[in-house]
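A.B. asks: Let's have the full structure, built from the sequences with the hints guiding it.
Just so you know, the protein sequences line up as chains A and B, in that order. Heads up: the first sequence begins at 13 in our numbering, then just goes up one per residue. Heads up: the second sequence begins at 444 in our numbering, then just goes up one per residue.
A couple of the hints might just be wrong.
[Unchecked claim] As a list, the in silico DSS-like pairs of lysine-lysine whose alpha-carbon atoms are at most 30 angstroms apart:
no.: 1; chain 1: B; residue 1: K510; chain 2: B; residue 2: K538
no.: 2; chain 1: A; residue 1: K69; chain 2: B; residue 2: K538
no.: 3; chain 1: A; residue 1: K25; chain 2: B; residue 2: K543
no.: 4; chain 1: A; residue 1: K69; chain 2: B; residue 2: K510
no.: 5; chain 1: A; residue 1: K25; chain 2: B; residue 2: K485
no.: 6; chain 1: A; residue 1: K69; chain 2: B; residue 2: K485
no.: 7; chain 1: B; residue 1: K445; chain 2: B; residue 2: K485
no.: 8; chain 1: B; residue 1: K543; chain 2: A; residue 2: K69
no.: 9; chain 1: B; residue 1: K445; chain 2: B; residue 2: K499
If you're looking for bench data, these hints aren't it; they were derived computationally from the structure.
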Amino acid sequence: KAGVTQTPRYLIKTRGQQVTLSCSPISGHRSVSWYQQTPGQGLQFLFEYFSETQRNKGNFPGRFSGRQFSNSRSEMNVSTLELGDSALYLCASYQAQGADTQYFGPGTRLTVL
Amino acid sequence: QKEVEQNSGPLSVPEGAIASLNCTYSDRGSQSFFWYRQYSGKSPELIMSIYSNGDKEDGRFTAQLNKASQYVSLLIRDSQPSDSATYLCAVGDDKIIFGKGTRLHILP
Numbered sequence: 013k014a015g016v017t018q019t020p021r022y023l024i025k026t027r028g029q030q031v032t033l034s035c036s037p038i039s040g041h042r043s044v045s046w047y048q049q050t051p052g053q054g055l056q057f058l059f060e061y062f063s064e065t066q067r068n069k070g071n072f073p074g075r076f077s078g079r080q081f082s083n084s085r086s087e088m089n090v091s092t093l094e095l096g097d098s099a100l101y102l103c104a105s106y107q108a109q110g111a112d113t114q115y116f117g118p119g120t121r122l123t124v125l
Numbered sequence: 444q445k446e447v448e449q450n451s452g453p454l455s456v457p458e459g460a461i462a463s464l465n466c467t468y469s470d471r472g473s474q475s476f477f478w479y480r481q482y483s484g485k486s487p488e489l490i491m492s493i494y495s496n497g498d499k500e501d502g503r504f505t506a507q508l509n510k511a512s513q514y515v516s517l518l519i520r521d522s523q524p525s526d527s528a529t530y531l532c533a534v535g536d537d538k539i540i541f542g543k544g545t546r547l548h549i550l551p
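C.D. replies: Dropping the structure here:
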């Protein structure tokens, strides 16, 4: 069974631009969570989607948004990029709810210049 | 604000010894606790989950949970150089909160 895939793997943007990251969960998994990982703050929860509905949201500004499609694929968008948005963005998929069957993708490394 | 605290390390342990990693959490109502391992440049992988007070063993790994003290730990027996990684403690039932991780270095 294929794992979680994230595209692109690396991205360089400049301040003020916007970016869209994509996550394809493991086949059969209906839940997707997004995390931001930085050396200073560690792994921080962004949001969680289940069956195209946002189920939970972390403490990030409204510039961070996401959505999930009917095939469970998910996208997250960051508008008006800031230097502090440089981070590794990780997507995790699981079957329904709970982290016991949560599998992380390889991540997208975003650099904002 | 729910918090999960870990010592950042690095924790250096001789090969073959027991590595002990600790974590405290603030949300007394939490029911689900996890340990992830993250190698440098890689994404986290789940190695242990625990839901009840006491110990849970899986191979060389033992997770220990004490809800009264809001404390969860991970013991790695017979430590190997391949265990060198950052270990993330995670707590939560719907929204998972991660600690910042403890860097573990196994000395050959």
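A.B. asks: Determine for every hint whether it applies to the structure shown.
C.D. replies: Consistency of the hints with the structure:
1. B:K510 / B:K538: 18 angstroms, holds
2. A:K69 / B:K538: Within the cut-off at roughly 8 angstroms; holds.
3. A:K25 / B:K543: Roughly 26 angstroms separates the two Cα atoms, so the pair holds.
4. A:K69 / B:K510: Holds, at roughly 26 angstroms.
5. A:K25 / B:K485: 22 angstroms, holds
6. A:K69 / B:K485: 24 angstroms, holds
7. B:K445 / B:K485: Judged against 30 angstroms, a Cα distance of about 26 angstroms means the pair holds.
8. B:K543 / A:K69: The given pair, whose Cα atoms are some 19 angstroms apart, holds under the 30 angstroms limit.
9. B:K445 / B:K499: 24 angstroms, holds
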